[in-house]
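Please put together the full structure from these sequences, using the hints given.
The primary structure of each chain is shown beneath.
There are 2 protein chains.
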Amino acid sequence: MMNAHIITIGDELLIGQVINTNQATIADRLNEIGVDVTEMTTVGDDTEAILAAFTRAWESAGAVIVTGGLGPTHDDITKSAVCRFFRTDLIPDANVRKQVALILNQRNFPWTDAAEAQAMVPRNATAFPNPVGTAPGLRFDGENRWFFVLPGVPFEMKEMVDAWIVPFLRQHAGENVIRHRTLRTTGIAESLLAQQLGDLDQILQGARLAFLPSTMGLRLRITVHARTAGEADRIVAGVEERIRAKASTYIYGTGEEELEEVVGRMLTERNMTLAVAESCTGGFIAHRLTNVSGSSAYFTYGAVTYSNESKMNILDVPSSVLGAHGAVSRETAEAMAAGIRKKAGTDIGLATTGIAGPTGGSPEKPVGLVWIACADAAGVVSVKFMFGEGRLRVKERASQSALDLVRRRLLGIE
Amino acid sequence: MMNAHIITIGDELLIGQVINTNQATIADRLNEIGVDVTEMTTVGDDTEAILAAFTRAWESAGAVIVTGGLGPTHDDITKSAVCRFFRTDLIPDANVRKQVALILNQRNFPWTDAAEAQAMVPRNATAFPNPVGTAPGLRFDGENRWFFVLPGVPFEMKEMVDAWIVPFLRQHAGENVIRHRTLRTTGIAESLLAQQLGDLDQILQGARLAFLPSTMGLRLRITVHARTAGEADRIVAGVEERIRAKASTYIYGTGEEELEEVVGRMLTERNMTLAVAESCTGGFIAHRLTNVSGSSAYFTYGAVTYSNESKMNILDVPSSVLGAHGAVSRETAEAMAAGIRKKAGTDIGLATTGIAGPTGGSPEKPVGLVWIACADAAGVVSVKFMFGEGRLRVKERASQSALDLVRRRLLGIE
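Sequence lines, in order, name chains A and B.
Quick note: the first sequence uses the numbering used here, first residue 1, plus one each step.
Quick note: the second sequence uses the numbering used here, first residue 1, plus one each step.
Just so you know, the hints here were simulated from the structure itself, not pulled from any lab data.
For glycine and all other residues, C-beta sits at the position ideal for the given N, C-alpha and C.
Possibly wrong hints are sitting among the right ones.
In the PhoX-like style, the derived pairs of lysine-lysine whose C-alpha atoms are separated by at most 25 Å in a straight line are [to be verified]:
hint: 1; chain 1: B; residue 1: Lys365; chain 2: B; residue 2: Lys384
hint: 2; chain 1: B; residue 1: Lys365; chain 2: A; residue 2: Lys98
hint: 3; chain 1: A; residue 1: Lys98; chain 2: A; residue 2: Lys158
hint: 4; chain 1: A; residue 1: Lys342; chain 2: B; residue 2: Lys342
hint: 5; chain 1: A; residue 1: Lys384; chain 2: A; residue 2: Lys342
hint: 6; chain 1: B; residue 1: Lys158; chain 2: B; residue 2: Lys98
hint: 7; chain 1: A; residue 1: Lys342; chain 2: B; residue 2: Lys343
hint: 8; chain 1: B; residue 1: Lys342; chain 2: A; residue 2: Lys343
hint: 9; chain 1: B; residue 1: Lys343; chain 2: A; residue 2: Lys343
Covered stretches of chain B, going by a simulated chain A footprint (3 or more residues, C-beta under 8 Å) [unchecked claim]:
hint: 10; segment: 11-20
hint: 11; segment: 206-217
And the structure:
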């Protein structure tokens, strides 16, 4: 089994200004293809420290993955350190140059000396043009070992790990097969789900299961080691079936699938449309829905009605309802859902109203209280939630519960 | 100046299941008291790997901070590894035992063998009872150097860093002061900003400057070492002044300040209100604005008008404009901005329309093309942007440019 050493470079990491998410992203991807990360090192923008880390990693790991310090400015010294380490110099690369020009052109930026520098790569490296930025990836080949250098900007790094390093190492990493499958749940606490699953040994039969909680819900990750892909897939499928038999209604998707994609697909299949009226979620549900390509087919209109006036003027919520029950109430939520549905002429109207905090709470209506309502041809349903403290967490939890309410309505789950 | 090496231990880090926030927390705290973190190492629950990391760190650092693997379960091997490293054995500690009993009692947990094990500490260590958990902190003293061991649970670790390590090292780390200041920019590429700043030596005069790029813009981080706080502050202020003299219009904030907070404060100061009409940004601008507590004072209404119908019905965009110029055009953007401003009765109307992709592009209107318009009492201005590929990145960049357009209008910057 191949082992890997991840080296992340940047002063911003050593002073604690930036949390190192790149390490976890790379480790997760390598783990999925059966490459064992045995060490991670972080050093600053300092040539001697970088060279010492390179030396140590290259002596002990089958794959070395380096990120950071590949940009065009003075503090980006990784490329020169790599040249020193592999005793080479920089030469122009026509493919990289073309890609840098394309990216600058897309963004309407002029060609500069810095761009020219980005198009230079070490003589004995294989360069991988950056699909979404200007710093190319670099690969040096040793004897049955590989040294990769990537830019540190997380989304650029991630694109290149997925498009380049993972396929390359999958080919070179050998025989062992690891399979992961993640089931995504929402609307149930970790301890309750564990209770509902019952005897884990019976469900797992040798496989491993991790509970991964987040604001948006709980992911269940099944891990299986096997000698062949067929065997691994068979074991995973069995575990998944036994979990679903115990907790199917809470599982909305698998893998990296987001709830907004699931709801979008269900609406598309049913040829239905959706409009959203948001108070406390403040546009976050619309943002999530429109993160899905093609969402314009079913999502036509979202209204962020933060004030009482806009609830009345835009959604026709009666002032008597707001007066009698307040903006955060079952009655207002239901009037918002029915109002946006009528206004937009959609099949479904979804609405949220609550107290995201940190201010605005009271003993009767504390921070974290959110009413969610869903209107469709059959009428209006509404649910009360208590999401606790934390403005952004309240928005996230409320958006997830709102989308889940649509999913449950469409599937006829109570 | 004292340097430090942080070692984090845990298999969950090496498989990418958990993002390593402990490193950043510790680094941030040490940095504040003038201790320079020069390296961070992460290894798994593996005695040989742990001992190798200890050896390397203890040879080169004035302070070694170790976290993780101090718990009571089978995979927690840090305490035995520490005993091997410092050639010592475990003895009971009365103070620690009392604290463990107190914590268990608070949580209504019984005394067990695991609790007994937590109360044992290495013979030549100084133990620090855990104020919020059961695993104590440990300190070993070398010649003018210190080796700390902490539990890995983030909030326990943090408590002990603040209550124990920071005061201890502040006493022992000597005189040095480090100051950082971050200036946040948007709307200018890294290479262009570097060009605009010109001769960095003249600007920095011995200070350090890091360029930290992200989708939302570029941060400039100034770092200064000095003997006194007053001297450090004076040097930082000088560097900031020289940077602002070259690039003031691109700098929207400092530190951790987000552009939506800056715009919110400017609106509040001017007693002005804002409404937003979003097509390609799909609610993300409203989401960002409503992430700021108190935003209901100036942000009254957001409309996510994804379809042509909703642009006409909700914003009164004339069908002739949509017919002649299309939904993604200067004319539609300006009609949307003027429309939302009128509809909501606000001082400012902001609008976005563009092609977020991955589908919907054409040679004349490629993916990444976004028109942004801002309407106020003086009229409507609009700007064309090319943001490249990536649906979420297009939304992020467009939201940032849109908020920056409001900032520039309010400040009278062209």
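Exercise. Does A/Lys98 lie within 25 Å of B/Lys365 when you go C-alpha to C-alpha?
Worked result: 22 Å, holds
Exercise. Between A/Lys384 and A/Lys342, is the straight-line Cα distance small enough, at 25 Å or below?
Worked result: 23 Å, holds
Exercise. Quick one, are A/Lys342 and B/Lys343 close enough, alpha carbons at most 25 Å?
Worked result: 19 Å, holds
Exercise. Are there three or more residues in the segment 11-20 of chain B whose C-beta lies closer than 8 Å to some C-beta of chain A?
Worked result: The restraint on the segment 11-20 of chain B holds, since 8 of its residues have a Cβ under 8 Å from chain A and three suffice.
Exercise. Is B/Lys158 close enough to B/Lys98, meaning Cα to Cα at most 25 Å?
Worked result: Holds, at about 21 Å.
Problem set entry | Hinted pair B/Lys365 and B/Lys384, Cα distance within 25 Å | 11 Å, holds
Exercise. Taking 25 Å as the top limit, are the C-alpha atoms of B/Lys342 and A/Lys343 close enough?
Worked result: Distance ~19 Å between B/Lys342 and A/Lys343 Cα, so the pair holds.
Problem set entry | A/Lys98 paired with A/Lys158 [C-alpha distance capped at 25 Å] | 21 Å, holds
Problem set entry | Straight-line alpha-carbon gap A/Lys342 to B/Lys342, limit 25 Å | Roughly 22 Å between the alpha carbons, so the hint for A/Lys342 and B/Lys342 holds.
Exercise. Taking a Cβ-Cβ distance under 8 Å as contact, does the segment 206-217 of chain B have three or more residues in contact with chain A?
Worked result: It holds, with 8 qualifying residues against the three required.
For this session: Assess, step by step, whether the Cα of B/Lys343 is no farther than 25 Å from the Cα of A/Lys343, and give holds or violated.
Result: Given pair B/Lys343, A/Lys343 holds - Cα atoms ~15 Å apart, limit 25 Å.
Of the numbered hints listed earlier, not one is contradicted by the structure.
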